[in-house]
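Protein chains in written order, with my numbering: chain A, 1 to 435; chain B, 1 to 595; chain C, 1 to 201.
Just so you know, the hints here were simulated from the structure itself, not pulled from any lab data.
Being a predicted model, the structure only gives us computed values, none of them experimental.
Do not rely on the hints blindly, as some may be mistaken.
Claimed, not checked - Quick partial rundown of chain B residues pointing at chain A, CB under 10 Å, derived from the structure:
1. L107
2. G110
3. T147
4. V160
5. K414
Claimed, not checked - List time: in silico SDA-like cross-link candidates among lysine to any residue, alpha-carbon distance up to 25 Å:
6. C:K181 to C:F72
7. C:K130 to B:G437
8. C:K130 to B:F88
Think of the CB as a built atom: it goes at the ideal place given N, C-alpha and C, for glycine as much as any other residue.
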Amino acid sequence: MPKRSRIWAWSWTLVVAASVLVASGVQRFPKPDFRSGYTVPQYTPPAVERTAAREWLDVGLLTGGLVLAGYFALARRSRRGLWILSVASLVWFGLVRKGCVCPVGSIQNVVLGLVSPADGIPWTVAGIFLLPLVAALVVGRVFCAGVCPLGAIQDLVIFRWRPLPLWLRQFLGMIPPTYLAFAVANVAVGAGFWICRYDPFVGLFRRSGPAGLIALGWILLLIGTVVPRPYCRFLCPYGVLLGWCSQLSRRHLTISPDQCIQCRLCEESCPFDAIRVPTPPHPDRAAARRRMVYALVLAPAWVVLGAVAGWAAADPLAAKVHPDCALAAELRTEESTGKKEQSWETRVFRASGRPLEQAEEADRDARRRLRRAWAWAGAWVGGVFAVRRIALGRRSELADYVPDRGQCLSCGRCFAYCPREYVRLGELDGIRGQP
Amino acid sequence: MSERFEQSNLSSWQLWSAILRGVVAGTGFVLCVAGAVLALACLQLRHADPLNSPARLEAIRAAQQSPQNAELVARARELDLLARRAFFAQQYLVRRGGWILWIGAALLFGALSGTRWLQPRVVVPGLDTSPEERVERERRAAQRALTLYMSLLVGGAVAVGLVLRTPAPAVSAPLRTPSIAGEATLAPASDPVQSEEPLDDLLAQAWPAFRGYGGRGGVQSPAPTRWNLETGEGVLWKVEVPRHAFSSPIVWSNFVFVTGADSRHGAIYCFNADSGQLLWEHEVRDVPGSPPTPPKVSEDTGLAAPTPATDGRRVFAVFATGDLIACDFSGRRRWARNLGVPKNPYGHASSLQIYRGRLIVQYDQETGGRLLALDPRTGQTIWDVPRDVKAGWSTPVIWTAEGRGLAAVLANPKLIAHDLETGRAVWQVEHLEAEIGTSPATDGERVFAGNEYARLVAVSATDGKELWSSDEDLPDVASPLAWNGCLFTATSGGIVTCRDVTDGRRLWLQEWDEGFYSSPIAAADAVYLIDRKGLARVVRAARTFEPISENPCGEACGATPAIAHGRLYLRTARFLAAITGAPPAESASGNTSAP
Amino acid sequence: MNAELPRRAWLRQNAAAVAGLVFGGAATAATRRAASPHRLVWQIDPKKCVQCGRCMTNCVLVPSAVKCVHNFDQCGYCRLCFGYFDPGATELTTAAENQMCPTGAIRRRFIEPPYYEYSIVEDLCTGCGKCVKGCTTFGNGSLQLQILHHRCVQCNECAIARRCPAQAIHRVPVEHAYRMKSQAASVTATWRHKEDGPAHA
């Protein structure tokens, strides 16, 4: 043990003296009475930069952006307008506002507000969550094309692409609902905001953050040069909600300004494989119907399987997911090895004087809730799977080239591929063989 | 066709294209280098913190150990300066590096899009020979891919469940804190947190509610009888409670809970019973249905007059706003509800009781009074009995008869016994017309209830048959205590009376100058009487008057103390104190010989 | 086949209207239940803070938005400041080897015997909490860590809060954006039977 210095020894005497002072209920070292006329300065902490006006301004700008995006996509049919809008959004919502709170992350605030009303949902956050969904119900996913900074940064790097095969798109397309379900479940049990925690682009917007995530952001951008918008299509949990709303949208962007002439020029124009091509009638309708019945019958089984999977995975992963379980696991290790206070968490817990039973109870409680929440999440994923599988078997007979409402991001790239568009713009007089 | 398609043949555009390709290659290279440098800087910042580098720390230690050695001191300062420079340079690099990457990326991707713009790719689709089969094939493949995904998910989850399966807490030794030394009774026979079984056998040894478990007013084990809160003699600790209230402390394990309130918000405080350290406080806010402004209450009631209760897993508190809240022992809210703002001229003051997994709330008001039993886990109502009584400030007492729990609930104008299983009234005694401030008392066979301006009655606990009644020296704030075959009452005029429980015969009467608000309680054969000025008198719980000690508390006192694990927990106007009554001679010298 | 398309469109439009109504209704009901007028910001509760040092390293910003602030009102103006001097300091001078702060972010100014004023240079402070630990353990606790709101970007999930071992970081209403200890809340416990005094490793 190093020799204790004189001053430090003196400090111990002071502490002992101080404890006497403390006993009488005053500060350890009372504020001095200055004779030199010194006045004690008042510390005023820096003001909050994010004022209410600023937050409402963002809600206003989001609304304006959505209206503009809808106008560019449906009324003006201007890819250039959408592009400029998305760059402006990237600069404002991304680089200036640095990401938070965005509609993608606001899912979690809404869930948290619903499960524990004490936390509440600020009106601005509720607005940020709902506005893009409402816009999607009216005009489709214009938010993705024009306003979302996460989408804009990926859109800007698109270089060359090949259509992805349907099976790969369907496979990867199951990731967003899975991510959404488990992220929501985690918020509901108090295991944190996973969507924000693993947001790959917010670190780029802030120009700082965990190195691993920033690297992931750049890697996703590199992948995005040849697989357009990988995050939007194969990760974004908000995209699931937007997709549903867009499926039901009142109006939607169209490839042709008036009528499709089946020229097939737009077939590979969409980087996101969101164009539905005309499908011929099913060669064997009876077999298709049989398979459909089969899939319908199996659907509940998949829901149950999903629930079982969620339930089974929750317990072993609890210590990695929930802080209460992590603490109990650490305490248990310490108790069994006899090495106490190995981490700050256990040190703080032990210093609080709370009995170990409490950590045990919190752990048990968290596990119970996690198991339940994950079972629901798993069941939901199973349900989504069953619906998608059934949808694949269903063949609606389609004559024209139309955007797939759930997948189309309303970016407007296809406009330039449609000959009818040039007729509309007056650059072509007409098309041979067409009226 | 549009102009753009034709332009791609022009040679100047090919030149531009070549230039752009050059830009792409150049920026790509620069970007890779910049990225690598930055990644290194980030890694360094995370793993090689120059401020805590061993070299710097070592040099500083050396300089401190030999401050006369100018060379060592100079070296320490030099290394310190270098470390600071390195640290701030790293930070600068990381801050600026983000921008460098952005600018590089903008150049790179801009150039990339430029090359694409210059060489548009028009795909003239080939002829689809057999679309039916192609579509069918693709869809079957997609269905298989979906099934594969789901199978992987389910299979993966189940595999994780089987492979990573940690031994369940029930299998490995559950976490358990060794009980307080000398308190073998505290150690639970079975693990109490395993199940949600009521812990009433354990609660009976703690002090989980106003006047102890069931409101019986005493414990069988002895408690300290000599202390002095002014000098600190016999005091383990004494701390100030941040917010004042007239409620009393309760004790479970090594936690002491009290409530407090300012003019707007109530709060629950949890103290370590061994050290007096404030472990947590929970301010009651945002309870659904809570009134925006608290109701008017009189000065000597306050918002937090009811004493909290605990079931060994959670602590419950009710406030004059009607807010009822449950927190776990780490101070997190488990549930909260508002019972409706009580219509009460002075403010709600009835305390909570706990019995066999039921939280009992006496909620008497001018109209629409109720008696509720709530589920302590969720706060949901188990039963809710309307009460045809006036506003009151009394707390139920609970006893067990033939295996079922009964509560005697007193109000103006009657005393009613309820079955705690169903809430049904079992018997009732009428003609107790007065503003009721006292709670009933019981010795298991009889129930005693009385208030000034009414009368004091003793009734049979089984059928409510009146045994005796008296009109003399009636209590009005402090509740009676039935102990050792005697019934003790203390009035706010300063008269303490001891009566025989069987016939109400007065055994002794003592008159003091100061009156009593704090209810008498007992430990073994001692009765504790604390007057309003804060002088605690301990007398023998016997049929003859026999004083044991007089102990000053230093200031006014209206709360009823808690007795648990051989300690007395006392709440005075400002302070909460734990009293061990240990002879103080040893520890006084111990303080001065500290390191 | 042609008849099917308008029927589909009609079905979808009605479904959209119904979904919109249901969705809007549910959303309104939900927000009415949970909507809160409070705008919230992250802040450290100094009473819970244990000065683990993670505030310095876990913030998404470089440097961290957490800094030490000095509540002069609570300060004892000690000559031997437990936040300023390293435990090994041999002399009470401003020499680098005597200072606790690794970046020299605390300025010490003589007022009158025996009192000194201590103030924080915000740009130098790293938020490591070493001085706060000294001041809280042995002094009045006037030095405390706070999230400075002109730096904080208000991440939706605060990266420090997630790793805070004492769970000392919460969202607080913006009107009370700082949670500094006040004089009234200073320690009043009596530790009569605690001979060992404050623990120091």
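> Does T147 (chain B) meet its interface restraint, that is, does its C-beta lie within less than 10 Å of any C-beta in chain A?
Replying inline: Holds, because the Cβ-Cβ distance from T147 (chain B) to chain A comes to roughly 7 Å (cut-off 10 Å).
> Within a Cα-Cα threshold of 25 Å, do K130 (chain C) and G437 (chain B) meet the stated pairing?
Replying inline: violated (54 Å)
>> K414 (chain B) was flagged as interface toward chain A. Is the shortest Cβ-Cβ separation under 10 Å?
In response: violated (39 Å)
> Given the proposed pairing of K130 (chain C) with F88 (chain B), does the C-alpha separation stay at or below 25 Å?
Replying inline: This hinted pair holds, its Cα atoms lying about 18 Å apart.
> Does the alpha-carbon distance linking K181 (chain C) and F72 (chain C) stay inside the 25 Å limit?
Replying inline: At roughly 11 Å apart (the allowed maximum being 25 Å), F72 (chain C) and K181 (chain C) satisfy the hint.
>> Next item in the hint list is G110 (chain B). Is there a CB on chain A closer than 10 Å to its CB?
In response: holds (9 Å)
> When the nearest CB of chain A is found for L107 (chain B), is that gap smaller than 10 Å?
Replying inline: Status violated, d = 12 Å.
> Holds or violated: is there a CB of chain A closer than 10 Å to the CB of V160 (chain B)?
Replying inline: Hint holds; V160 (chain B) Cβ to chain A Cβ min 5 Å, cut 10 Å.
Violated hints for the displayed structure, listed by number in ascending order: 1, 5, 7.
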